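Colleague: Going down the list, the sequences are from chains F and A. Read in order, the letters of the first sequence are residues 1 to 255 in the numbering used here. Read in order, the letters of the second sequence are residues 1001 to 1213 in the numbering used here.
Derived from the structure by calculation, the hints contain no laboratory data. Mixed in with the good hints there might be a few duds.
[As the list claims (entries may be wrong)] Taking lysine-lysine pairs in the BS3-like style, the calculated list, with each CA pair at most 25 Å apart, reads:
1) Lys1169(A) - Lys3(F)
2) Lys254(F) - Lys22(F)
3) Lys133(F) - Lys212(F)
4) Lys1113(A) - Lys1169(A)
5) Lys1136(A) - Lys119(F)
6) Lys254(F) - Lys1136(A)
7) Lys140(F) - Lys42(F)
8) Lys42(F) - Lys155(F)
9) Lys119(F) - Lys1113(A)
10) Lys119(F) - Lys133(F)
11) Lys133(F) - Lys148(F)
12) Lys42(F) - Lys1136(A)
13) Lys1027(A) - Lys254(F)
14) Lys254(F) - Lys212(F)
15) Lys1027(A) - Lys243(F)
[Unchecked claim] Simulated restraints on C-beta separations:
16) His234(F) - Ser1036(A): 49 to 55 Å
17) Lys1031(A) - Gly15(F): 49 to 55 Å
18) Asn109(F) - His1209(A): 20 to 26 Å
[To be verified] Pulled from the structure, derived: some chain F residues nowhere near chain A, Cβ distances all over 10 Å:
19) Gly16
20) Gly30
21) Asp45
22) Phe74
23) Met75
24) Pro110
25) Leu154
26) Ala186
27) Thr250
Since the model is a prediction, treat every value here as computed from it, not as a measurement. Using N, Cα and C, we set each Cβ at its ideal position, and we do this for glycine too.
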Amino acid sequence: MLKNRVIPTLLLQDGGLIKTRKFKQPKYVGDAVNAIRIFNEKEVDELIVLDIYASRENRQPDFETIGRIAEECFMPLCYGGGVSSLEDASRIYQCGVEKISLQTAALRNPGLVTEIAQKYGSQAVTVSIDVKKDWLGRRKVYASANGKLIDEPLKALLKRLVDAGAGEVLINAVDRDGDLCGYDLALVEEASHLVNVPVIASGGAASLEDFKKAVDAGASAVAAGAYFVFHGPHRAVLITYPKYEELEQTLGVKS
Amino acid sequence: MTSMDNEISVIDYEAANIGSVLRMLEKAGAKPVRASTPAEIAAARRIILPGVGAFDHGMDQLHKRGLVDALNQAALERRIPVMGICLGMQLMCRSSEEGERRGLGWMDASVEKFRFAPDLRLAVPHMGWNTVRLCKENPLLPTLEDRTRFYFVHSFKVRCDHEEDVIAKTHYGEDFVSIFSRGNLFGAQFHPEKSHRFGMQLLSNFLKHTAHA
């Protein structure tokens, strides 16, 4: 087994997949089921599927699409987007999803993290934290649903959510989203040192070396979007995933 | 194999999401059919009993649908091949520390909670990819291919009374039974349907081994 999970992050919109840049300019990259079949063939460790507009548009999760996706996944699946109650969470787990990623609801109501973790276990709850630099270049937690920066420092927020029951943190550098410029390693290092649960680095990955750097900075797992769906300078859509042997060489194996 | 030879009945009792189980069985070359009534179980040639969630809920769902007698008959009298997955494996045991209900009791085994000292810092449920170690020759996993790994999600583990029923063990803080079998009965604690070609191979081996059962 790989020492660290390497996780494609897929963004869902209207049943299809998109990829954004700095959380904007959504570009259609194909059919969800088709992409998942490719990732099945590549034997990826895990998939993250996020419906990034659900909370922004105040929508419920699209349970039908989630069920269709979960059915196709021959690997564990983490879903995020629009989950705002224990009932939503239960329906998603019943769809065959292993983990739920919370952001908007966790920021508004950390009690929901606790409720879900108590019923399904902390391992089944990930909190997704977006971080964006303000005009002075300071890292701030960003609430993607309303596009606002949050005053509470990252440290206090992460501690609060992990104490509430989050079993994993997906830390995402908004300014690097889709930009293929490497992870924000300082952010990955900071987040990894702040919590004792696994941290998944996200935002900016463009190479195997980037994965290695994020792991060296303390990440337990690495996620990427554009790296797995775009090819070449013109961002032609091509769904790929490194060979397992290459990942083993880069990240090492555990027995 | 004829078309009948690869038919496999997957018990549908609202204690598992069977979508990916059906898909993975198709990929493994089987012809999966849903079975949710005693008559469908009586017509089954081989059975997969999937399951997630709490032990009592699983048993209650089987009782509520009147499936227990039909399952007992299939497993103990007709002795057709049955494979339990995750909670399905645990339901095949006598009882579980997780609940009050009696299990199906087909295997001389009980189900216990993972109990770890806090300093081990091991989370429960055990959730993630892990490896298995073969304990004896068996038709499900004759050999371990390179990189063989399976996906686990469980807080409780099976303890077999008879060591000879243990096919494979996995380590998580301690060794626990990840595959058991006795006669026509098989159980896997992990999710073959979420374990890529490794899970597919296991299901395909189950199918081949039981083709002429």
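Colleague: None of the hints should be skipped; say for each whether it holds.
Modeller: To see whether the hints hold, each was checked on the structure:
1. Lys1169(A) - Lys3(F): holds, 21 Å
2. Lys254(F) - Lys22(F): violated, 34 Å
3. Lys133(F) - Lys212(F): holds, 24 Å
4. Lys1113(A) - Lys1169(A): Satisfied, since the Cα-Cα distance of roughly 16 Å is no more than 25 Å.
5. Lys1136(A) - Lys119(F): violated, 37 Å
6. Lys254(F) - Lys1136(A): holds, 24 Å
7. Lys140(F) - Lys42(F): violated, 36 Å
8. Lys42(F) - Lys155(F): violated, 36 Å
9. Lys119(F) - Lys1113(A): holds, 16 Å
10. Lys119(F) - Lys133(F): violated, 36 Å
11. Lys133(F) - Lys148(F): holds, 12 Å
12. Lys42(F) - Lys1136(A): With Cα atoms ~30 Å apart, Lys42(F) and Lys1136(A) exceed 25 Å; violated.
13. Lys1027(A) - Lys254(F): With Cα atoms ~28 Å apart, Lys1027(A) and Lys254(F) exceed 25 Å; violated.
14. Lys254(F) - Lys212(F): Holds - the C-alpha atoms of Lys212(F) and Lys254(F) are around 15 Å apart, at most 25 Å.
15. Lys1027(A) - Lys243(F): holds, 22 Å
16. His234(F) - Ser1036(A): 49 to 55 Å: holds, 51 Å
17. Lys1031(A) - Gly15(F): 49 to 55 Å: violated, 29 Å
18. Asn109(F) - His1209(A): 20 to 26 Å: Violated, since Asn109(F) and His1209(A) (Cβ atoms, about 50 Å apart) do not stay within the stated range.
19. Gly16: holds, 20 Å
20. Gly30: Non-interface label on Gly30(F) holds, nearest chain A Cβ at 20 Å vs cutoff 10 Å.
21. Asp45: Asp45(F) not clear of chain A: closest Cβ-Cβ about 7 Å, inside 10 Å.
22. Phe74: About 5 Å separates Phe74(F) from the closest Cβ of chain A, which leaves it inside 10 Å; violated.
23. Met75: violated, 6 Å
24. Pro110: Consistent with the label, Pro110(F) stays out of reach of chain A, its closest Cβ about 19 Å off (over 10 Å).
25. Leu154: holds, 23 Å
26. Ala186: Fine: 26 Å to the nearest Cβ keeps Ala186(F) off the interface.
27. Thr250: For Thr250(F), whose nearest Cβ neighbour in chain A is about 15 Å away, the distance exceeds 10 Å, so it holds.
Of the numbered hints stated above, those contradicted by the structure are hints 2, 5, 7, 8, 10, 12, 13, 17, 18, 21, 22 and 23, listed in ascending order.
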